[in-house]
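Just so you know, the first sequence maps onto residues 1 to 119 in our numbering.
The reader is advised that the hints may include incorrect statements.
[Said to hold, decoys possible] Label-pair distances were calculated between CB atoms; the ranges are:
1) S12 / N60: 34 to 44 Å
2) Q114 / V57: 27 to 37 Å
3) E68 / S24: 17 to 27 Å
4) S75 / K52: 24 to 34 Å
5) R8 / L113: 27 to 37 Å
6) N55 / G80: 16 to 26 Å
[To be verified] Below, simulated BS3-like cross-link-like pairs (lysine-lysine); rule was C-alpha separation at most 25 Å, straight line:
7) K51 / K10
8) K10 / K52
9) K52 / K20
10) K51 / K20
11) K10 / K20
None of these hints come from the bench; they were simulated from the model.
Idealized CB from N, CA, C, for every residue including glycine.
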Amino acid sequence: MRLPSRLRLKESRDFARIRKEGSSQAGRFFVLALLRDDSLADFRFGLVTGKKLGNAVQRNRLRRQIREIIRAARSRIRPGFNFITVGRWRAPAATYAELEQDWLRLARRAGLLQNEPRP
RNA sequence: CGGGUCGGCCGGAGUGGUCGCCCGUCGGUCCCGUUUCGGCGGGGCGCGGACGGGAGGAAAGUCCGGACACCGCAAGGCAGCAUGCCGCGCGCAAGCGCGGGGGCGACGGAGCAAUCCGGCGUCACGGACAGUGUCACAGAAAACAAACCGCCCUCCGGCGCUCCCUGAGCGAAGGUGGGCAAGGGUGAAACGGCGGGGUAAGAGCCCACCGCUCCGACCGCAAGGAAGGAGGCACGACAAACCCCAUGCGGUGCAAGACAGAACAGGAGAAAGGCCCGCCUGGCCGCAAGCCCGUCGCGCAAGCGGCGGGUGGAUGACUCCGGGUAAUAGUCGCAUCCCGCGCAAGCGGGGGUCGGCGCCGCAAGGCGUCGUCAGAUAAAUGACCGCACCGGAGGCCGCGAGGCCGAAGGCACAAAAUCCGGCUUAUGAAGGCCGACCCACUCU
RNA sequence: UACCCCGUGGUGUAAUGGUAACACAGGAGAUUUUGAUUCUCUCGUUCAAGGUUCGAGUCCUUGCGGGGUAA
């Protein structure tokens with residue numbers, strides 16, 4: 001399953017809108033915020049890795065790992081959502097398995113995941 | 001010769017599988033235009049398409065300099081800033097390399113000491129008789145000489161002492177005038193040091209040695225050094241205080257700047273006033289709006305880099321420099337025309353002209369290289385799994401020396417953002433080179 | 001990415017190159033029957049490391065940390 005950058009949220013007003021009007025779930029390593037948008041055929045997502053998380057190398061690495069988690073779960077993500085994932089300060093020290101477990105738990109609780117994979 | 005510790009320098013991180021990200025080219029597919037129905041052109045893409053390419057030595061910090069762009073075209077002056085021993089080399093500059101000179105520091109040696117010599121380390125190392133300023137506390141005195149305690153002489157004084165007692169001699173405290181700077185002690189720093197002579201006491205007052213200042217044969221391209229002579233000493237420190245001298249620098253920064261589309265809103269013409277990115281000499285003038293998003297700038301470029309072999313010089317290695325060889329040169333800039341697509345910026349293709357440099361050829365004309373292939377923009381270059389490597393908790397075998405298995409964990413610092421040169425800081429595995437020290441061995 | 005500022009007790013501010021000062025807060029003590037008030041004492045690597053200087057919070061260099069601006 002591919003994950004091109006076309007699905008990325010890039011504009012500041014999108015992020016602000018989701019944080020203001022959407023709902024959010026907080027876990028050990030991430031904060032997941034999402035907002036329904038039925039005009040979308042697919043979903044769109046944004047990533048936030050603030051300066052508290054470390055230097056550029058650590059932030060880039062975390063972002064890639066989140067991207068990989070979303071790519072792996074893409075077939076089960078319900079369409080019609082904009083969501084953003086914010087890294088928390090503990091995340092750079094965690095392993096990939098820990099990050100994936102935490103993110104999936106948040107996504108399930110937020111109702112982002114469906115049980116049956118989409119074709 | 002071997003081993004070890006510490007420091008410096010070079011060196012930039014193994015391998016396989018599955019999946020993914022960004023850019024380019026070529027396909028595939030859908031749509032649009034056109035069509036002589038074969039195609040052609042363009043645009044889009046969600047294709048589990050193909051091929052090629054895809055972070056660093058510091059990409060970092062932003063401490064300097066340059067390119068480039070704009071601003072008043074950049075001229076002069078003021079202000080401000082930067083640099084600062086000498087020579088050579090490289091460089092546009094910042095700066096770097098090598099050599100030399102001088103200062104300072106601890107150490108070693110000589111000497112009674114002052115001081116001198118030596119190698120090592122280190123230095124932002126122009127100027128303190130151009131001027132101004134500062135030097136706290138302590139101390140008598142802190143920058144130009146002076147004198148608190150003190151030493152000495154003269155005179156006054158005279159409560160004391162001695163003697164052969166109407167007298168004579170000695171004389172404390174205190175005071176007047178004068179000479180001196182040895183000693184005291186303070187301080188970061190006190191107007192030379194040590195020894196001798198000299199003197200009422202002293203003093204470079206005189207002498208030897210040393211230091212200092214001036215002159216200086218001679219040496220050196222120079223910074224500077226210096227035999228010798230003279231002066232008896234006068235000349236404190238701070239310019240990373242103001243400053244002076246010399247040299248250099250216009251300012252702002254790719255969010256520079258150019259353009260396109262869309263959106264938005266009134267007012268005015270003179271004057272007042274405003275603007276021109278330190279100020280002046282000097283100019284200009286409708287105001288407001290201008291974010292974001294998109295296109296360009298933006299990477300086929302610099303006489304740029306890499307590989308192999310050999311040589312001379314400097315250096316501790318690294319490295320740097322000189323000359324030669326490999327080695328062979330068709331590209332660049334600007335203007336302009338045509339076609340297609342796109343709302344447009346622009347993109348793609350083609351033609352011709354002008355200018356510049358270069359190889360081959362008489363000429364028309366032709367030619368070809370080891371590479372130059374990061375270009376994102378909420379920002380690509382990775383994720384996961386395995387094997388290597390380090391690591392050794394713990395376990396097993398053995399009488400023992402020792403051998404075998406092996407978990408956790410680890411596998412640096414850190415990621416382009418307009419480009420380039422330097423500086424600084426971080427880290428630096430394996431392997432290699434150099435220096436200092438220690439141990440062992442051999443020889444003397 | 002580029003540029004510009006700032007670092008002094010727990011907090012907010014001072015300090016011509018010469019003993020780091022003031023207020024509030026905290027702690028201990030005194031006064032008071034107790035408390036408040038008042039008084040005394042206490043609390044510092046001046047962000048770090050080098051350098052200049054006799055002497056550095058101050059001057060210089062390099063780092064570290066924080067903040068700001070970019071119609």
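Okay, the hints, checked on the actual structure:
About 20 Å separates the C-beta atoms of S12 and N60, a value inconsistent with the hinted range of 34 to 44 Å. Between Q114 and V57 the Cβ separation comes to about 35 Å, which falls inside the hinted range of 27 to 37 Å. Between E68 and S24 the C-beta distance comes to about 22 Å, which sits within the given range of 17 to 27 Å. The supplied range of 24 to 34 Å is met by S75 and K52, whose beta-carbon atoms lie about 33 Å from each other.
Between R8 and L113 the CB atoms are about 20 Å apart, so this pair departs from the stated range of 27 to 37 Å. Our hint of 16 to 26 Å for N55 and G80 is violated, since their Cβ atoms are close to 37 Å apart. For the proposed pair K51 and K10, the alpha carbon gap of about 18 Å is at most 25 Å, so the pair holds. Pair hint K10 plus K52 holds up; C-alpha atoms about 21 Å apart against a cutoff of 25 Å.
For the given pair, K52 sits about 22 Å from K20 by alpha-carbon distance, which is consistent with the 25 Å threshold. A threshold of 25 Å between alpha carbons decides the hint, and for K51 with K20 the separation of about 22 Å falls inside it, so the pair holds. Annotation: proposed proximity of K10 to K20 holds, straight-line Cα distance about 17 Å (limit 25 Å).
Violated hints, in rising order: 1, 5 and 6; the structure is consistent with all others.
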